[in-house]
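J.: Residue numbers for the sequence shown follow UniProt numbering, so the first one is 1 and each next one is one higher.
Among the hints, erroneous ones may be present.
Estimated spans, in silico, between C-beta atoms of each pair [to be verified]: (1) G167 with R70: 45 to 53 Å; (2) G67 with Q151: 49 to 57 Å; (3) G42 with L86: 17 to 25 Å; (4) Q222 with L86: 19 to 27 Å; (5) S46 with G67: 18 to 26 Å; (6) F169 with R233: 18 to 26 Å; (7) E147 with L86: 23 to 31 Å; (8) E35 with F169: 47 to 55 Å; (9) R166 with G58: 18 to 26 Å.
Hint data in this document are derived by calculation from the structure and do not stem from the laboratory.
We put the CB at the ideal spot given by N, CA and C, even for glycine.
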Amino acid sequence: MEHAPCISQIATLLADPKRSAMMWALMDGSARQTEELALLAGLSPSSASAHLGRLSAGGLLKVETRGRKRFFRLAAPEVGAAIEALASATLASAPRDIPEVFKRTSPIAKPQAAPSSLLRARLCDDHLGGTLAADLYQRLLDAGWIEQFDQRVMITHKGATQLATRGVFIQALAHRNSRVACACPDWSERRPHMGGSLGAALLQLFMQSGWLSLPNDSRALQITAAGQREIHRFAKETELEMAF
Numbered sequence: 001m002e003h004a005p006c007i008s009q010i011a012t013l014l015a016d017p018k019r020s021a022m023m024w025a026l027m028d029g030s031a032r033q034t035e036e037l038a039l040l041a042g043l044s045p046s047s048a049s050a051h052l053g054r055l056s057a058g059g060l061l062k063v064e065t066r067g068r069k070r071f072f073r074l075a076a077p078e079v080g081a082a083i084e085a086l087a088s089a090t091l092a093s094a095p096r097d098i099p100e101v102f103k104r105t106s107p108i109a110k111p112q113a114a115p116s117s118l119l120r121a122r123l124c125d126d127h128l129g130g131t132l133a134a135d136l137y138q139r140l141l142d143a144g145w146i147e148q149f150d151q152r153v154m155i156t157h158k159g160a161t162q163l164a165t166r167g168v169f170i171q172a173l174a175h176r177n178s179r180v181a182c183a184c185p186d187w188s189e190r191r192p193h194m195g196g197s198l199g200a201a202l203l204q205l206f207m208q209s210g211w212l213s214l215p216n217d218s219r220a221l222q223i224t225a226a227g228q229r230e231i232h233r234f235a236k237e238t239e240l241e242m243a244f
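Please put together the full structure from these sequences, using the hints given.
T.: Now the structure itself:
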C-alpha cells in the first residue's frame, strides 16, 4: 500500500464544480487565459486565479506566459484521459430512468458545455469517440455488421467479411488482450460508440489513411478533407447494403 498512487489529492482538486468546469473547458488541448476560464466557470477573475493556482500546484495544469498574459492548459494528455474516464463513468453509472429534472441539471446531459472541437471527434482511451464515432456505430449496427445484446457486441459474418476488405481482420484482433468489440458509452452523445480492439483498429485505420489527424497536446481529432469524403462514402456504402 505504501506505493499506491495518491488518488485522493487529484480527486479533491476535481471535486469542486468550478474547478472541474475550467478543466472541462481545456479538454480540447487549448490554452486559455484566466479571464476566459473565469467567464466559462461563472467566477470572478480573482476567484478563478485562486482555483487555477491550486490546479497548477497539484500538477493538473501548466502555465504559459505570453508577455503579460498567463495561459493555462492541461499538464499532460493523461489528465484529459482521466477526466474523460470520469465523465464516461458518470454516464455509465447513472440510473436508466433518470428524472427529467436531473437531465436538465446534469453536466453530463449538457455536452454543449464541452469544447465544440471535442464533440465531433476525439480520442476516447485508444479508440474514437464523439458524434462521428456514435454515428459510425449506428451505421454498423443498421447495416448488420454488428449485433448488440444488452452490453455485448457481436461482429457478424457479414461484418467480418466487409471489415476484412478494408484491412481490419477480426481473427487477428481476437488475439489481443482486450475484448474484440464493446459498446463504449459516449458522454457527449448519450449513445454508444465502438470500443475494444475493433474500435482501436478502426481509429488506427482512419489515421493511417489520412482521414483523421491528432494535433499535439490535444484529444480533439481533426477530420481531413480526404476524411470528409471517405467517411461520407463509407456511410453511403452501408446505406446501399441496407437497401438490399
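J.: Hint by hint, say whether it matches the structure.
T.: Now for the hints, and whether the structure bears them out:
Against the hinted window of 45 to 53 Å, the Cβ-Cβ separation of G167 and R70 comes to about 46 Å, which satisfies the hint. Taken as a hint, the range 49 to 57 Å holds for the pair G67 and Q151, whose Cβ atoms sit roughly 51 Å apart. At about 21 Å, the CB distance of G42 to L86 agrees with the hint of 17 to 25 Å. Remark: the range hint 19 to 27 Å for Q222 to L86 is upheld by a beta-carbon distance near 25 Å.
Between S46 and G67 the beta carbon distance is about 20 Å. The supplied range of 18 to 26 Å therefore holds. F169 and R233 have their C-beta atoms about 21 Å apart, which keeps the hinted 18 to 26 Å range intact. Taking 23 to 31 Å as the suggested C-beta distance range, the pair E147 and L86 conforms, at roughly 30 Å. Between E35 and F169 the C-beta distance comes to about 52 Å, which sits within the given range of 47 to 55 Å.
At about 44 Å, the beta-carbon gap between R166 and G58 misses the expected band of 18 to 26 Å.
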